[in-house]
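Student: Sequences listed follow chains A and B, in order. The opening position of the first sequence corresponds to residue 1 in the numbering used here, with each subsequent residue numbered one higher. The opening position of the second sequence corresponds to residue 1 in the numbering used here, with each subsequent residue numbered one higher.
Hints are computed from structural coordinates only; laboratory data are not their basis. What you are looking at is a predicted structure, and each value in this text was computed from that prediction instead of being measured. All C-beta atoms, glycine included, are put in the ideal place defined by N, C-alpha and C.
Covered stretches of chain A, going by a simulated chain B footprint (3 or more residues, C-beta under 8 Å):
(1) 115 to 121
(2) 139 to 153
(3) 202 to 214
(4) 230 to 244
(5) 260 to 268
Only pairs whose alpha carbons sit at most 25 Å apart, straight line, appear in this in silico DMTMM-like list of lysine to aspartate or glutamate:
(6) B/47 <-> A/49
(7) B/277 <-> A/154
(8) B/57 <-> A/45
(9) B/50 <-> A/46
(10) B/146 <-> A/154
(11) B/205 <-> A/291
(12) A/138 <-> A/223
(13) B/50 <-> A/40
(14) A/206 <-> B/370
(15) B/47 <-> A/265
(16) B/47 <-> A/45
(17) B/57 <-> A/48
(18) B/57 <-> A/42
(19) B/146 <-> A/175
(20) B/93 <-> B/209
(21) B/57 <-> A/49
(22) A/251 <-> A/279
(23) B/205 <-> A/265
(24) A/134 <-> A/106
(25) A/73 <-> A/49
(26) A/215 <-> B/276
(27) B/50 <-> A/49
(28) A/281 <-> B/252
(29) A/251 <-> B/250
(30) A/251 <-> B/252
(31) A/206 <-> B/250
(32) B/270 <-> B/252
Given next are the chains, with one letter for each unit.
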Amino acid sequence: MTNGKGEIGIFNRIRQGFSRTRQSIVSKVESLIKSSRSLDEEFFEELEEILIGSDMGVMTTQELIRNLRQQVKENRMSKPDEVREVLKNHISSIMAQISEPLRFADKGTTVFLVVGVNGVGKTTTIAKLAHRFKSQGKEVLLAAADTFRAAAIEQLQIWADRVGVDLIKHHAGADPAAVVFDALKAAQARGIDVLIIDTAGRLHTKTNLMQEIAKVRRVIEREIADGPHEVLLVLDATTGQNAVSQARTFKDSTGVSGIVLTKLDGTAKGGIVVALARELKIPVKLLGVGESLQDLEDFNSEDFAAALFAD
Amino acid sequence: MVFEGLAARLQETFRRLKGKGKLTEEDVNEAMREVRLALLEADTNFKVVKDFISRVKERAVGQEVMNSLTPGQHVVKVVYEELTELMGGNQTKITLSSKPPTIIMVLGLQGSGKTTTCAKIAKYYVSQGRRPFLVAADVYRPAAIKQLQVLGEQIDVPVFTMGQENPVNIVRGAREFAQSNNRDIMIIDTAGRLHINQELMQELKAIRDAVNPHEMLLVVDAMTGQDAVNVAQAFHQEIGLTGVVLTKLDSDTRGGAALSVKAVTGCPIKFTGTGEKLDALEPFYPDRMASRILGMGDVLTLVEKAQASFNEQQARELERKIRQQEFTLSDFLEQLQQVKSMGPLDQLLGMIPGLNKQLKGMKPEFDEKEIAKVEAIIRSMTPQERNDPSILNGSRKKRIARGSGTRVQDVNRLLKQFEESRRMMKQITDLSAKKGTPGRFKLPF
Chain A
1 MTNGKGEIGI FNRIRQGFSR TRQSIVSKVE SLIKSSRSLD EEFFEELEEI
51 LIGSDMGVMT TQELIRNLRQ QVKENRMSKP DEVREVLKNH ISSIMAQISE
101 PLRFADKGTT VFLVVGVNGV GKTTTIAKLA HRFKSQGKEV LLAAADTFRA
151 AAIEQLQIWA DRVGVDLIKH HAGADPAAVV FDALKAAQAR GIDVLIIDTA
201 GRLHTKTNLM QEIAKVRRVI EREIADGPHE VLLVLDATTG QNAVSQARTF
251 KDSTGVSGIV LTKLDGTAKG GIVVALAREL KIPVKLLGVG ESLQDLEDFN
301 SEDFAAALFA D
Chain B
1 MVFEGLAARL QETFRRLKGK GKLTEEDVNE AMREVRLALL EADTNFKVVK
51 DFISRVKERA VGQEVMNSLT PGQHVVKVVY EELTELMGGN QTKITLSSKP
101 PTIIMVLGLQ GSGKTTTCAK IAKYYVSQGR RPFLVAADVY RPAAIKQLQV
151 LGEQIDVPVF TMGQENPVNI VRGAREFAQS NNRDIMIIDT AGRLHINQEL
201 MQELKAIRDA VNPHEMLLVV DAMTGQDAVN VAQAFHQEIG LTGVVLTKLD
251 SDTRGGAALS VKAVTGCPIK FTGTGEKLDA LEPFYPDRMA SRILGMGDVL
301 TLVEKAQASF NEQQARELER KIRQQEFTLS DFLEQLQQVK SMGPLDQLLG
351 MIPGLNKQLK GMKPEFDEKE IAKVEAIIRS MTPQERNDPS ILNGSRKKRI
401 ARGSGTRVQD VNRLLKQFEE SRRMMKQITD LSAKKGTPGR FKLPF
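Chain B on its own, in the form it takes in the complex:
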């Protein structure tokens, strides 16, 4: 994306704006211009953006600015909170009916990911000890029934089919099947359809009226653009939705559709699809979505958390250690734990003023598992080893690998990585120092 990220742009905008105290209207207006662009670039519907901005503006003007933040950052903090609030308001889970079967109807446009979502929901309930089953009511798309059958087999859940029969008859039959086979959750896969196709929308209503589903879930592709509101609104008005499933969140979309859909329907996002595997179904996290839409990582929560968990003195001590190459594995471990509590490392690096661009090319790829492994390895070392890894010989490494449940290769890899990151940190500190950044290099905390 050409878009540089809200955090970076705000830094530009607010470089000259200093001063603390209350947020003036001017502060807010300047910040809002950037926020507006960020939301639009994230595909949030422009009408939704307009409403949202004007509401936040009202709230933000006159607020006390936190000591640690610039006025601009503070506005974004307000935006972030509002956004989270808006998407998380009355978060509800699927409530299972006391009189089974609980009927869940899944609908949406073509290609939004309905069939896969149905299978994922079924799997989710299987893991909860329920007895779900799938209903193949997409009688139009070639091989849609077969697809559901294959998925059903994979997760060991029965699939009720009646071939290309009228969907209304299918769901009626399915309900009987549920009762006679003691199945407590019935998940209906409907055919993809355009929200402007009257005939097919009528069909949905007929299906709905035949079995009165407890849940009407609209599946929305997270990559959807401005049209998301039209689609969601049409389905909601015609059929009446109870919730939304946001799919394909494993792409790099910013996912403004989430906000748009929530804003026009008021329906909570109940699940998100985060991969092609059938267990890639997650609850919706409004705070993560908010920072994703704003494209700024968890900038502000990071700032706050970092401030709380890492005081100035510690930061200075760490900086000194890095400079003098005294940075040890114990420090590394300590840092890892802080990082873990704050979010992805690349975002963390991204918020270091002035560092963003230098680091663009070298985003460390850390996942949670990797970090857990690293922790285990370091914890299996003696304090002496942590402070001076050079004493690690073959037998020590073997012991560490055994103790941490890893392999010697993993230990070696960690040591290499540690050396590299030590070098990198040294370079960065030197670089910033040379640049003559006032106040020298400061870690983000």
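Chain A extracted, bound-state conformation:
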């Protein structure tokens, strides 16, 4: 990380964030390649396990494997070594289709709505975002629309103080839409650049709570012409196939525009990103790679694929 040269630095940090994914996938693929002499059924079966083991899911894995088999046939590949390039290219192409930077308002206040199930790291992600924008010289305001969970407002207040930004809050149990309304008014009155809204964690299976958050979105749409500029779904990288269900439901009710993948500093392999890209085409925009305020990276599909397969 001492490498200060912009591009390479970012590349390295993403690589670091994904190093476990990379290590586990790469080392397994490598060892598999080394141990296999020919592309037999056993080889494909083991490859399938490796991909599934990274949480890519059965459907995505099968597609990758199908594609691989086809390439093997068409190009008459016989060496397991060649397989790696094919896999890398395919994963990269799936990810590339959806790569997209964060969207900001042309003028006036940019509004980010942050949503997700319980315990994925919404509040921490918001603190990191606030820190990033503030250090870019932007005026940042936070809104505590998680009025449900015990001490959620206090938690966000502590982060706001640490980062040094203001927080609009009501009391616990208040109507989240009302908090958001006030925050939007305050943001416009104060000439705020970026307003980031924290919402209560909710399981996507709770219909009433999903309606509640759909209402929050409508309030924003009404008050800010082209808002919200981003609806960020925070996803825990350790989540398995249920992430697809989460993303789908949140997309339906809040129009999720991007995904923040958190907790990549564990041993979770993050392969679910590929499944999400393939099935829902929601771009992954940010990665949470640690607990400190700086541990937030932009997502870049090529870097991701490269990091995944770099030696």
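Given chain A, work out where chain B should sit, using these hints.
Tutor: This is chain B only, laid out in the frame that chain A set:
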């Protein structure tokens, strides 16, 4: 989910496989392919799946196939039993120490639901007439202590805090607090941590060694993917777990993590979290979990139970009644009781061959309470009323509402629902008949 459900897929696979007798290796292999996918799609760890499949294969080959089942269904039955067995093996409750306080330490990754779980466990013991208290040993996450205090207040249980003090000192202090305040269960909320964070894992050990907890419960998010094994294994090796709490089961996750965690640690799942309310803590039911992981409802138990409780003759009689619109509230009541003993209605409908897709859009939302209400209403009717609801006038309805402890609106709603379901059943029978399904439409039983 794109995944169509194991039951449906197996039906495809085994349409051509008839024949009874013993399960051949071929039968088993075919079925296992589907079972494997179902387990993987449910996020069961792939290594766990591999072991499991090979064990079941061994057991299944050569078994007699039950008369009522196809070979494929029979394999799944074996799988289901094994799965249930595996997750339910040596099920243990939390044993309270004869020398109080019983110390329960709750640990896990960030965001798995530790703090809420602590409060739920405390509430559980309060309702058992115990005197638990909570210990705030998460000194890292902002406002974690405050969160525990708020929850403690809600359930009227004291929360022991020492601010951002060293957790080891906190738990020592807490044990003294327990003794001087006559509290018999001490529940420690620890900070969420990554299993690869050496420093924080050391801290856990220090906390453990300071008070020697009776229980070390790992909280696992039921939505966890393949990584669940790494996490559980690391915590188990480093700290030594006595049990697992599986949270967020109120989501639509299939919950393969349950099997993975059980397989790598051998620790029983002692509780499950099924909602945000503080009384949403339930014991773990291995059989429910098994069918959830397989994504097939209680297909086979349903088949068996249905066969036992509902004979062919009754089925034919019912079918005739539906066809001729003679289906009455008495039949409805009878059916409800059978349904209740078998499980959720949507799963029941899901297993009717060929009906699955037609019914996808119209899953009836029945909960247990609703069914109890309906039962009460029908039971408050006279036999005459049950057979001919059209005679129900205002005063009869009022009497029924009073008798069943419901409101006239409820009675009306039931009558409407009954009419609708009668129509729906008629449509379904007509539909299947038109399709020329061999043997005509058959109810699942």
